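S.K.: Below are the chains, spelled out letter by letter.
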Amino acid sequence: NAGVMQNPRHLVRRRGQEARLRCSPMKGHSHVYWYRQLPEEGLKFMVYLQKENIIDESGMPKERFSAEFPKEGPSILRIQQVVRGDSAAYFCASSAQIALSRGLGDEQFFGPGTRLTVL
Amino acid sequence: DAKTTQPPSMDCAEGRAANLPCNHSTISGNEYVYWYRQIHSQGPQYIIHGLKNNETNEMASLIITEDRKSSTLILPHATLRDTAVYYCIVRPGGGGSQGNLIFGKGTKLSVKP
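Residue numbers (the numbering used here), protein chains in the order written: chain A, 21 to 139; chain B, 3 to 115.
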């Protein structure tokens, strides 16, 4: 049972280019979360998606950042016109359908991350 | 902001139990206590979670006080590979629109030989 997959693991972009980060959730998981970890800082929530829907994007910058989770294929985090401040580790997590009683089944499982470096 | 308070760092001798405390005095009745850890440069790893009863799995035990204002994560026999930053997080159970995890600074556990 493969875990959460992210690719690429390392991505180098020059200022002004676009970065596309991909996340394949665990089999059977329909919820995807994206987090960002700046150097020497904690993880910060960015966006929460279900298939074809953005549920919560309160942590995502209003400009240049977008996310999608299509019916088929991986979730994509897209950063347009990257700047040096976008350099960070971007982690994706997935969870199964929520359970209503003990919260079982909604644990988030994280991928290995994509380390973005903007030159 | 994180709703939890943890010591910034702790040391533990290899083979001994590691007891990591967490204060969550403002926890609500529908909020669970979750623990994750992040080994250097890797993605966070889920450890355990609970509501009010103590919980145990193959990785750790979680002891929650009766008033639910604090908890302790116990790694019964710490190994060098348990060296990591441990995060205590409170959130509503069931995920959904409140499902995102709010990470604080965590406790950096160093297991020493």
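Worth flagging that the hints you see were computed from the coordinates, not collected in a lab.
Keep in mind it's a predicted model, so treat the numbers as computed, not measured.
Wrong hints could be hidden among the right ones.
What the hints assert, rightly or not - SDA-like, lysine to any residue: derived pairs with alpha carbons at most 25 Å apart:
#, chain 1, residue 1, chain 2, residue 2
1, B, LYS107, B, SER72
2, B, LYS107, A, GLY62
3, A, LYS64, A, PRO28
4, A, LYS64, B, PRO115
5, B, LYS107, A, PRO94
6, A, LYS64, B, PRO94
7, A, LYS64, B, ALA19
8, A, LYS64, B, LYS114
9, B, LYS5, A, PRO28
10, B, LYS54, A, ASP106
11, B, LYS107, A, GLN57
12, B, LYS107, A, GLN101
13, B, LYS110, A, PRO28
14, A, LYS64, B, TYR48
S.K.: For each hint, tell me whether it holds in the structure or not.
M.R.: Right, here's what the structure says about each hint:
1. Between LYS107(B) and SER72(B) the CA atoms are separated by roughly 17 Å; this keeps the pair inside 25 Å, and the hint holds.
2. Distance hint between LYS107(B) and GLY62(A) is fulfilled; the C-alpha atoms sit about 6 Å from each other, no more than 25 Å.
3. Restraint check for LYS64(A) and PRO28(A): the C-alpha separation of about 20 Å stays at or below 25 Å, so the hint holds.
4. Taking the CA atoms of LYS64(A) and PRO115(B), the gap is about 33 Å. The hint is violated against a cut of 25 Å.
5. Between LYS107(B) and PRO94(A), the direct Cα distance comes to roughly 30 Å. Violation of the 25 Å bound is thereby established for this hinted pair.
6. Of the supplied pair hints, the one linking LYS64(A) and PRO94(B) holds, its CA atoms being roughly 18 Å apart against a limit of 25 Å.
7. Restraint check for LYS64(A) and ALA19(B): not satisfied, since their Cα atoms lie roughly 30 Å apart, outside the 25 Å limit.
8. Of the supplied pair hints, the one linking LYS64(A) and LYS114(B) is violated, its CA atoms being roughly 30 Å apart against a limit of 25 Å.
9. Under the criterion of a C-alpha separation no larger than 25 Å, the hint pairing LYS5(B) with PRO28(A) is inconsistent with the structure, at around 33 Å.
10. Distance restraint check for LYS54(B) and ASP106(A): the Cα-Cα separation of roughly 40 Å exceeds the 25 Å cut-off, and the hinted pair is therefore not satisfied.
11. For the given pair, LYS107(B) sits about 12 Å from GLN57(A) by alpha-carbon distance, which is consistent with the 25 Å threshold.
12. For the hint linking LYS107(B) to GLN101(A), the alpha-carbon distance of about 30 Å lies beyond 25 Å, and the restraint is violated.
13. Distance check on the hinted pair: LYS110(B) and PRO28(A) sit about 28 Å apart at the alpha-carbon level, beyond 25 Å; violated.
14. For the suggested pair LYS64(A) and TYR48(B), the alpha carbons sit about 16 Å apart, so the restraint of at most 25 Å is met.
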